[in-house]
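Asker: In this note's numbering, the protein residues as written are 2 to 106.
One or more hints might be untrue.
Stated by the list, open to error - Result set (BS3-like, lysine-lysine): computed pairs, CA atoms no more than 30 Å apart in a straight line:
no., residue 1, residue 2
1, 51, 41
2, 25, 41
3, 51, 103
4, 51, 25
5, 41, 103
If you are wondering where the hints come from, they were derived from the structure by calculation, not from laboratory data. Fair warning: this is a prediction, and the values are worked out from it, not measured in the lab.
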Amino acid sequence: MTLAIMSLINLGGVPSLGSSMDDKIYHFVAYALFTAIWYKAISRYNINHKYVVLISIAIAFGMVIEVLQSVLTDYRVSDVYDILANTLGVLCSVGAIGVYEKREA
């Protein structure tokens with residue numbers, strides 16, 4: 002819910018990281034964390050293909066948010082590179098989770 006709200010409100014004063022890719026870095030980190038939180042939530046349940054479900058939910062959520070930014074706001078725009086950054090964050094998070102799970106087993 003927090004990620005959806007933060008993605009749809011006007012965030013005029015976001016701190017700069019000193020890079021031309023600040024926005025994409027924020028997207029990457031936000032979706033990596035989003036994925037990790039969702040993993041924690043669904044790991045309690047016996048779900049077949051847990052990683053596929055997790056990746057699908059996170060990427061679909063990111064795509065829906067990008068569309069909603071164009072439809073519901075006049076201060077946000079959809080950007081295919083935002084979707085790419087979101088997807089990379091999701092995949093890196095799932096990769097890190099997989100490595101962590103293997104080490105714990």
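Asker: It remains to establish, for every hint, whether it holds in the given structure.
Answerer: Structure-based check of all given hints:
1. 51 to 41: Cα-Cα ~11 Å, so holds.
2. 25 to 41: holds, 24 Å
3. 51 to 103: holds, 15 Å
4. 51 to 25: Holds, at about 27 Å.
5. 41 to 103: Status holds; Cα separation ~16 Å.
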